[in-house]
Every structure is written in C-alpha cells, then in structure tokens.
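Trainee: In the working numbering, the protein residues as written are 293 to 549.
In short, the hints are calculated from the structure, not lab data.
Some clues are possibly wrong.
[What the hints assert, rightly or not] Each pair of labels, with its calculated beta carbon distance range:
1) Ala475 x Phe438: 38 to 44 angstroms
2) Leu458 x Val338: 17 to 23 angstroms
3) Thr359 x Ser489: 52 to 58 angstroms
4) Asp441 x Leu496: 33 to 39 angstroms
5) Gln486 x Ala440: 45 to 51 angstroms
6) Ile465 x Val445: 27 to 33 angstroms
7) Val338 x Tyr493: 41 to 47 angstroms
8) Ser489 x Leu374: 40 to 46 angstroms
9) Leu406 x Phe360: 48 to 54 angstroms
10) Leu331 x Arg491: 18 to 24 angstroms
11) Leu311 x Ala475: 23 to 29 angstroms
12) Leu458 x Phe533: 33 to 39 angstroms
13) Arg491 x Val421: 24 to 30 angstroms
14) Leu342 x Ala475: 28 to 34 angstroms
Every residue, glycine too, gets a C-beta built ideally from N, C-alpha and C.
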Amino acid sequence: MARIKAADFEERLTLIEHLDELRTRILISVGVLIFAAALCFWQSDVILELASHPLPDRGGELLEPITFSPTEPFLTTITLSLYAAILISMPVILYQLYAFVLPAFSPTEKRVVLPLLMMVPVLFIAGVVFAYFVVAPAALSFLLNFNADNFNVQIRARDYYGFFSLSLIAVGILFQIPVGILAVTRLGIVTPQQLRSNRRYAVLVIAVLAMLLPGTDPVTMLISMAPLLVLFEFSLILATFLGRDRASDETAMVEPK
293 MARIKAADFE ERLTLIEHLD ELRTRILISV GVLIFAAALC FWQSDVILEL
343 ASHPLPDRGG ELLEPITFSP TEPFLTTITL SLYAAILISM PVILYQLYAF
393 VLPAFSPTEK RVVLPLLMMV PVLFIAGVVF AYFVVAPAAL SFLLNFNADN
443 FNVQIRARDY YGFFSLSLIA VGILFQIPVG ILAVTRLGIV TPQQLRSNRR
493 YAVLVIAVLA MLLPGTDPVT MLISMAPLLV LFEFSLILAT FLGRDRASDE
543 TAMVEPK
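Could you put together the complete structure from these sequences and hints?
Mentor: Following this line, the structure appears as structure tokens:
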C-alpha cells in the first residue's frame, strides 16, 4: 500500500516500506510537475508575455525575440513551459522531500530542522521575484545596450528564454544561503563567531556565485550580491540568537534539580 503520510520518529519501517514511500513521493512530484507543465503550455501566451516583460524598450516598442527555424517556436514554448512548471511545482517537490526526510530526526532535532525546511520555499520564491523584477531587467538593459550603435542587436527566442529561466532558478537557489548557514551552525560544524571572523571569505564566495549567474555582467553581479550579503548578515544574527537559546537549553538540561 502506498504511503503518503509522513512516518513518526518512533515508527519503524521496513526497507520495502521506505522504498514504497519514496516511490509514492516521486510519483506525486512528477505528477504535479506534469500537471504544471500542461497548465503552463495551455497558458503559454501568458507565460511568454511574462517572460518577455524584462526585455528593454526600443523607441517605445518592446524588443521581440526572433526564431530561425520552423520548429523553434514550438520547441521554445515547450522548454519555457517546463521551466515555468519547475518554478510552480518547486514548493510541492520540496515538501515531498521534507516529508520523506523529516521522520529520520528526533523530536528535538525536528525543532531545529523544521524552521530551516520551512524557509526553503519562501526564500526560493523571494529569489525568483527579486531576479524577475531586479536582476533580469538590469542584466538585459546592460548587455543589450552595450555598444549597441556598433551592432544590429537582435535576440533569439531560444537563447533568451533559456537565459531568463535559468537566471530566475539560479537566483532562487542562491537565496538558500541562510538555510545553509543555519544548518551548519545548528549542526555544530562551524560557529557564528567563526563565520563572522572569516567574513571576507564569505564575501568572496558570494561574489563568485553571483558571477556564475547566466550572462552576468559586473553591474548585475553587484546588484545580485547586495541581497545575498544582507541575507548572510541576517543569517549570522539569527544563528547567534539561536545558538544562545541552544546553549541555555543544554545548560538547563545538565543542571542538577
């Protein structure tokens, strides 16, 4: 029988039951992804219009992507629909992953892990929104207007929509920095004090990650770095606060009654 409800920590499942639960959650994730892809393909006109919105204006007219083969409009629409489906179904996929992994943690560990997992879809959506309204328009404005007087600048639909979708997904993933920092500090791998004392290395890593974004130029890299640095500093403050609470709990547990 397929398992959908997450198991309790005290519940002991056989290997077959674990595999059955994993198969069920994979099927649910794939089913949601297929449904989202079909929905996005059905509303492909809306998806294409939203994806074209960050393109810069030229004399009051929006720059329109072009195609070079008979099959490119169809294949490009399918590709963009799949990218949009991944963005839409990501919260469900993350929940299925959370529901499968969470029973492995004790009730005490769940209090640490659960807030981190709850932050994952929120931060991902925040990163996608930031990339759509800030990063993508800034990158396109700079790249398409760079030495524009010396080029007949056109934009191919397949290349643009791939660049646009990957940029949104990449920034959404980069916004997971607070989750990673809180995870390594709560698990005791490093302390907030160690991260704070080595802040310059963190800034370097963030700069490299921002530089690796698709088609990123120096201006866009700086724009992308700004919220990542803010998230890093906020994570340090939150990790320090949570570390104090954890130390207080451990002290209370070892004190004799």
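Trainee: Decide, hint by hint, whether the structure agrees.
Mentor: Hints, verified against the model:
1. Ala475 x Phe438: 38 to 44 angstroms: About 39 angstroms separates the Cβ atoms of Ala475 and Phe438, which means 38 to 44 angstroms holds.
2. Leu458 x Val338: 17 to 23 angstroms: Hint holds: Cβ distance 20 angstroms, inside 17 to 23 angstroms.
3. Thr359 x Ser489: 52 to 58 angstroms: holds (53 angstroms)
4. Asp441 x Leu496: 33 to 39 angstroms: holds (36 angstroms)
5. Gln486 x Ala440: 45 to 51 angstroms: Between Gln486 and Ala440, where Cβ atoms are some 47 angstroms apart, the hint holds.
6. Ile465 x Val445: 27 to 33 angstroms: About 30 angstroms separates the Cβ atoms of Ile465 and Val445, which means 27 to 33 angstroms holds.
7. Val338 x Tyr493: 41 to 47 angstroms: With a Cβ separation near 43 angstroms, Val338 and Tyr493 satisfy 41 to 47 angstroms, so the hint holds.
8. Ser489 x Leu374: 40 to 46 angstroms: Cβ of Ser489 to Cβ of Leu374: about 44 angstroms, so the range 40 to 46 angstroms holds.
9. Leu406 x Phe360: 48 to 54 angstroms: Between Leu406 and Phe360, where Cβ atoms are some 50 angstroms apart, the hint holds.
10. Leu331 x Arg491: 18 to 24 angstroms: violated (44 angstroms)
11. Leu311 x Ala475: 23 to 29 angstroms: Holds - the Cβ-Cβ distance for Leu311 and Ala475, about 26 angstroms, lies within 23 to 29 angstroms.
12. Leu458 x Phe533: 33 to 39 angstroms: Given range 33 to 39 angstroms: holds, Cβ gap about 35 angstroms.
13. Arg491 x Val421: 24 to 30 angstroms: holds (27 angstroms)
14. Leu342 x Ala475: 28 to 34 angstroms: holds (33 angstroms)
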